[in-house]
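These protein sequence lines map, in sequence, to chains A and B. Okay, so the first sequence: first residue is 3 according to the numbering used here, each after it adds one. Okay, so the second sequence: first residue is 12 according to the numbering used here, each after it adds one.
Treat the hints with caution; some may be incorrect.
Said to hold, decoys possible - Between beta-carbon pairs, the in silico distance windows are:
(1) Pro18(B) with Leu103(A): 27 to 37 angstroms
(2) Leu11(A) with Ser116(B): 46 to 56 angstroms
(3) Gln74(B) with Ser58(A): 33 to 43 angstroms
(4) Glu235(A) with Ile22(B): 48 to 58 angstroms
(5) Gln74(B) with Ser130(A): 17 to 27 angstroms
Said to hold, decoys possible - Keeping only pairs whose Cα atoms sit at most 25 angstroms apart, straight-line, the calculated SDA-like set for lysine to any residue is:
(6) Lys39(B) with Leu188(A)
(7) Lys36(A) with Phe21(A)
(8) Lys36(A) with Lys77(B)
(9) Lys237(A) with Thr90(B)
(10) Lys77(B) with Thr43(A)
(11) Lys77(B) with Thr55(A)
(12) Lys36(A) with Asn5(A)
(13) Lys36(A) with Leu24(A)
(14) Lys36(A) with Thr90(B)
(15) Lys30(A) with Thr43(A)
(16) Lys95(A) with Ile143(B)
(17) Lys39(B) with Asp193(A)
(18) Lys30(A) with Lys39(B)
(19) Lys39(B) with Lys95(A)
(20) Lys237(A) with Ile129(B)
(21) Lys39(B) with Trp120(A)
(22) Lys77(B) with Gln233(A)
In case anyone wonders, no lab produced these hints; they're calculated from the structure. The beta carbon of each residue, even a glycine, is placed where N, CA and C say it ideally should be.
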Amino acid sequence: MENDVEVALLLWAPLGLVFLSLGLQFRKDRSAQKVGQILGTIGLVFFAFSFMTVPSSPSAASSALFVSILPALLLMIVGLYIALFSGDIPVRKFSAKFRPLGLLMFLLGFALFESMHWNDASLIPSTSWEGESNRFWMIFRPTFLLAMSSFLLAGGYFVTLIGERINHISRILYMTGGFSLMLLLLSIFIDGSTTTADEFHNSVLLAGSDILGFVSGIGLTILVFGLTIWQFERKRPSLERLPPPSQEQLKRASEIVQQNIGGGEDE
Amino acid sequence: MNKRVQPRNMIIAGLIFLLPTILVVLLKGNSTYDTEQGLTRFVNAFLTSYTVASVFLVVNMFQYSKSRREPSAPWISMTYAAILGVLATLLLTSQGGFLMEENGSQRAQILYNVIHFIVTSLAIIIAVSIMILLSFVNLESKDRTQT
Numbered sequence: 003m004e005n006d007v008e009v010a011l012l013l014w015a016p017l018g019l020v021f022l023s024l025g026l027q028f029r030k031d032r033s034a035q036k037v038g039q040i041l042g043t044i045g046l047v048f049f050a051f052s053f054m055t056v057p058s059s060p061s062a063a064s065s066a067l068f069v070s071i072l073p074a075l076l077l078m079i080v081g082l083y084i085a086l087f088s089g090d091i092p093v094r095k096f097s098a099k100f101r102p103l104g105l106l107m108f109l110l111g112f113a114l115f116e117s118m119h120w121n122d123a124s125l126i127p128s129t130s131w132e133g134e135s136n137r138f139w140m141i142f143r144p145t146f147l148l149a150m151s152s153f154l155l156a157g158g159y160f161v162t163l164i165g166e167r168i169n170h171i172s173r174i175l176y177m178t179g180g181f182s183l184m185l186l187l188l189s190i191f192i193d194g195s196t197t198t199a200d201e202f203h204n205s206v207l208l209a210g211s212d213i214l215g216f217v218s219g220i221g222l223t224i225l226v227f228g229l230t231i232w233q234f235e236r237k238r239p240s241l242e243r244l245p246p247p248s249q250e251q252l253k254r255a256s257e258i259v260q261q262n263i264g265g266g267e268d269e
Numbered sequence: 012m013n014k015r016v017q018p019r020n021m022i023i024a025g026l027i028f029l030l031p032t033i034l035v036v037l038l039k040g041n042s043t044y045d046t047e048q049g050l051t052r053f054v055n056a057f058l059t060s061y062t063v064a065s066v067f068l069v070v071n072m073f074q075y076s077k078s079r080r081e082p083s084a085p086w087i088s089m090t091y092a093a094i095l096g097v098l099a100t101l102l103l104t105s106q107g108g109f110l111m112e113e114n115g116s117q118r119a120q121i122l123y124n125v126i127h128f129i130v131t132s133l134a135i136i137i138a139v140s141i142m143i144l145l146s147f148v149n150l151e152s153k154d155r156t157q158t
């Protein structure tokens with residue numbers, strides 16, 4: 003009983019704070035958002051340490067996983083963020099010199115993430131928990147690689163449909179998605195440092211079940227709430243019809259559009 | 012000139028999305044996949060994501076009710092979500108009782124489902140974030156494309 007209270011206070015309450023923090027970010031009130039950020043940080047820190055404070059809980063394995071993958075994920079996301087905001091865009095935040103550094107950070111993060119599966123060296127964050135492979139790592143990696151392959155390949159196809167000027171993006175998405183798929187396929191044929199190829203193959207198929215269940219659950223929720231909103235919206239009186247815009251208004255609108263897009267005659 | 016996205020394109024995109032899973036199934040013939048465990052994982056993922064997403068949207072419905080002056084909106088949506096949730100749970104669990112994986116008790120299974128949901132969500136969110144960030148990182152300016 004005492005252990006249950008400890009687990010509740012040191013693992014579940016911090017997780018609750020993280021969710022509360024996410025909820026507060028949707029509020030318009032700036033101070034509520036700030037309080038949310040502070041609570042979220044406290045919650046995340048306590049959750050990250052819970053694999054040391056309450057190691058007896060089976061859920062503490064998730065905290066150990068979070069700490070192990072954090073450096074790789076931070077390198078990937080921060081690297082892409084730096085590469086994005088040092089590019090040739092109007093809202094540039096970093097000097098153009100940082101762009102290669104950002105891309106390098108992304109590659110290093112991905113390499114670190116993959117080396118956790120293939121190599122058991124002491125310098126690389128461990129994926130083991132209580133002497134065997136962390137059960138949550140066997141959920142996270144297959145889901146991540148499968149989702150990345152699926153989303154990037156499908157995204158690459160969508161991008162080619164949207165416009166010809168962004169074919170380069172499509173190539174990059176296909177390449178990265180293909181690379182992720184290659185790693186996924188390699189993992190189901192070659193044993194990793196702590197898992198066999200057969201175990202990983204089983205995990206990938208279970209991850210497929212997870213993704214399908216996840217998408218179906220969220221899809222059904224959106225459908226239910228969408229129908230509820232539609233029910234209310236259809237009862238509302240329709241808006242009054244406005245007169246068509248005058249020539250002067252159309253000219254003004256085209257000026258604003260031209261200022262913001264700046265497209266040539268071909269677009 | 013942009014092309015219009017046709018239903019045929021959506022089907023192709025869906026097939027491309029499923030391609031990695033199909034390849035994983037086809038390329039390794041001697042599978043040790045436990046279908047029953049897969050179904051349990053699907054149902055647990057479905058029920059957990061439905062519950063968590065419903066709670067999130069119910070909270071948002073309070074905001075909607077305030078802005079559209081529809082005080083009954085959150086309560087009606089909550090009723091619909093609860094009825095459908097109970098029906099889905101009964102339908103999915105009627106075959107094999109409570110959906111237990113490798114956990115000792117029902118409480119442990121529910122808590123495990125929550126952690127499982129967070130881990131799966133994190134993996135999917137990071138994969139989608141990488142896709143979005145990679146797309147924007149490689150967006151070339153119009154001037155550079157024309158040269």
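- Message: lysine 237(A) and threonine 90(B) were given as a pair; does the straight-line alpha-carbon distance stay at or below 25 angstroms?
- Response: Since the Cα atoms of lysine 237(A) and threonine 90(B) sit roughly 19 angstroms apart, the hinted pair holds (cutoff 25 angstroms).
- Pairwise hint evaluation, tryptophan 120(A) against lysine 39(B), where the allowed Cα distance is 25 angstroms at most: Status holds; Cα separation ~20 angstroms.
- Between lysine 39(B) and lysine 95(A), is the straight-line Cα distance small enough, at 25 angstroms or below? Since the Cα atoms of lysine 39(B) and lysine 95(A) sit roughly 47 angstroms apart, the hinted pair is violated (cutoff 25 angstroms).
- Pair hint lysine 237(A) and isoleucine 129(B), alpha-carbon separation not exceeding 25 angstroms: At roughly 38 angstroms apart (the allowed maximum being 25 angstroms), isoleucine 129(B) and lysine 237(A) break the hint.
- Given the hinted pair lysine 36(A) and threonine 90(B), is their alpha-carbon gap at most 25 angstroms? violated (33 angstroms)
- Taken at face value, is the distance from the CA of leucine 24(A) to the CA of lysine 36(A) at most 25 angstroms? holds (11 angstroms)
- If you draw a straight line from the CA of lysine 39(B) to the CA of leucine 188(A), is it 25 angstroms or shorter? holds (11 angstroms)
- Query: Do the alpha carbons of lysine 30(A) and threonine 43(A) lie within 25 angstroms of each other, as the hint requires?
  - Reply: holds (20 angstroms)
- Does the hinted range 46 to 56 angstroms hold for leucine 11(A) and serine 116(B) at CB? violated (20 angstroms)
- Item | Status of the given 33 to 43 angstroms range, CB of serine 58(A) versus CB of glutamine 74(B) | Given about 40 angstroms between the Cβ atoms, the range holds.
- Straight-line alpha-carbon gap lysine 39(B) to aspartate 193(A), limit 25 angstroms: Judged against 25 angstroms, a Cα distance of about 14 angstroms means the pair holds.
- Between lysine 77(B) and threonine 43(A), is the straight-line Cα distance small enough, at 25 angstroms or below? violated (30 angstroms)
This entry does not satisfy hints 1, 2, 4, 5, 10, 11, 12, 14, 18, 19 and 20, going by the numbered hints stated previously.
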